[in-house]
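> Chains A and G, in that order, are what the protein sequence lines are.
FYI, in this note's numbering the residues of the first sequence are 1010 to 1380.
FYI, in this note's numbering the residues of the second sequence are 70 to 346.
Honestly, the hints are just simulated from the structure, not real lab data.
Remember, predicted model here, so these are calculated numbers, not experimental data.
From the three backbone atoms N, C-alpha and C, an ideal C-beta is built for every residue, glycine too.
Some clues are possibly wrong.
[As the list claims (entries may be wrong)] If you want the footprint, here are the derived chain G segments under chain A, 3+ residues with CB under 8 Å:
(1) 93 to 100
(2) 150 to 159
(3) 241 to 249
[As the list claims (entries may be wrong)] Partial chain A-side listing against chain G, Cβ under 8 Å, derived:
(4) Leu-1062
(5) Val-1076
(6) Asn-1078
(7) Pro-1082
(8) Ala-1088
[As the list claims (entries may be wrong)] Some chain A residues flagged as far from chain G (calculated, every beta-carbon gap over 12 Å):
(9) His-1099
(10) Asp-1168
(11) Val-1230
(12) Tyr-1232
(13) Glu-1300
What follows is the residue order along each chain.
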Amino acid sequence: MASVGFIDVSKRFADGTEALAGIELRIEDGELMVVVGPSGCGKSTALRLLAGLEQPTAGELRIDDEVVNDMAPQQRNVAMVFQNYALYPHMNVRRNLEFPLRMQKLPADEIARRTAWATQLLQLDGLMERLPKQLSGGQRQRVAMGRAIVREPRAFLMDEPLSNLDAKLRVQIRGEIAALQRRLGITTLYVTHDQVEAMTLGDRVAVMHAGRLQQVSAPQVLYERPANIFVAQFIGSPGMNIYASRLQRTDNGLACAFADHWLDLPPDGHANLVAAQAHIDRPVYIGLRPEAFARTDVDVETLTMTVKAVEALGHEQLLYADIPQVSGENTAIRLPALPMIAIGDRLPLAVDSRRIHLFDAEGRAIDGEQA
Amino acid sequence: MRRRLVATMLSYAALALLALLFVAPVLLMMAGSLKPEARVLTEAGSLKAFLPGNWTLQNYRDVFARVDFARYLGNSLIITGSVVVAGLVVNSLAGYAFARLAWRGRRLLFTLTLAILVLPLEAIAVPLFYQVTWMGWRDDYLVQILPFIANAFSVYLFYTFFVDLPPELEEAARLDGAGPLRTFATIIVPNSKPVFASVAILSFLGQWGVFIWPLLVTSGERVRPLSLAIATFYTLPPLQWGDIFAFGVMMVSPILVVFLFFQRWFVRGVVATGLKG
């Protein structure tokens, strides 16, 4: 086990593509760090750099404070679980598990001991003589995990290991990975494009976009105090609704413009009123999570929205509605499952102004954690 | 329903006719090899050409009496076997290097390798002959084997197969501690049986019938292959068609055995490498 560090790491490919730019990230000993971001954001490149499958253009990669830039992959003693498992198709489960140990030229009894340990830990009994093609997706995933842990590596690297599984199995294996990581306490760097996976698995989550780290925080902090509009919209399903706005001083303090209304910003809300002073009478963005809206009576100040789409999820319903005074995309709204709402309904809604997030004209949070 | 049945029967009939067209020369050769010499040409224009009638093994006895068939067969097996086996090693490694390893000049060298594909042996046979003569290198097995081990078409077939293998397999092996050669031997080769079978069969077929090169670089029967021996039946009297057919049957038989042995993998290899025909 070890800590892992990216010190100002950049990667530019031969064709000029800049995959990573100045990545600074430290993963503590035993921590499960999830790197999340959309396709092409550089998250898998970061993993491959640490594995030694790619070389950084600049910066240092450290494992246990030892610079590993010039070490061959096998010398780094990190194990990787690939998206497609990369099990050796012609070897049965036993030989797959033994392969890395044989490469290390370990004595036969040590190979047997470690293989038996992994077999028992991952419940692979009864599968040992099967070829990978004779296993289900979940079983292949467990064998891939087994091949990684038998080496007793300093760190686990996981590259979207659940993306080939169906939704139900994904939830189950996700739990198994989390439990295994906690039990073994191995430093883990886990890459995914699925923000639900990131939020449920990570001790901390690093959000990436266009080769740059946007924010590294605990999952709940990412959700409640996103560092910028990208994080706000990427984290959460659906993401945060963002609207162009202005700030103005009022008798009560500060208010922001939203759909023909001025919404007071209460002192106990998300918005940092001290920081916001610098943005008075300047263009800003406001962000509202889908759950910041609620149905209301018509005698309070309301917004009226026309429902364009409804996703009934059983325990709640997600509405996508058009606010006439606000141009741009539909607003996502999360409401209780009942009463059911239909497409075309006009809904009077109130906004919980304590849940307003403020972003400056460049999209950086005025009230959030800085990246 | 009835119309579909008729359509199926018609298509089967057409396929059977086509199959017959392809197999007819082989049947003619086999039947001719079992006929007395007098009947071979006289029956050639009729359906009887395909039927041995009162069959005899005299043509086969003639072949063994006229040439040292066993020696020629041994020579062909040594030359073709060596070219195939060494070719599998050399060309698969070259294809792997082109498909998978990153090195300077890879693209240029691969383009040059592909360019060799358009050069028939006949075009370079004479310069190659001068070269081996200058090297004092004639009339042995090696001169018939070495120039044909590296084969651009085989390299290309391996390349097209390897380039489609998931790179994660090699990356997993690298992380597990295997070097490039071990990865190739323990991970790539066992998962590439179809392309190895395809290349083995194609290079066996190509080498078994090669004629021009051994004619240039060998003299006498000591190291000459079957393809030259059959020529003696045309050039040295008496011209006996039955003998030629019998020789042909014996020369083709090893190819059929090899093909039947590797057929399963060969068909998969043809599919996997996208090779047509």
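> Hint by hint, note whether the structure agrees.
These are the hints, each one checked on the structure:
no. : hint       : result
1   : 93 to 100  : violated (count 0)
2   : 150 to 159 : violated (count 0)
3   : 241 to 249 : holds (count 7)
4   : Leu-1062   : holds (5 Å)
5   : Val-1076   : violated (19 Å)
6   : Asn-1078   : violated (16 Å)
7   : Pro-1082   : holds (5 Å)
8   : Ala-1088   : holds (7 Å)
9   : His-1099   : violated (4 Å)
10  : Asp-1168   : violated (9 Å)
11  : Val-1230   : holds (33 Å)
12  : Tyr-1232   : holds (33 Å)
13  : Glu-1300   : holds (40 Å)
Hints 1, 2, 5, 6, 9 and 10 from the list above are not met by this structure, while the remaining hints are.
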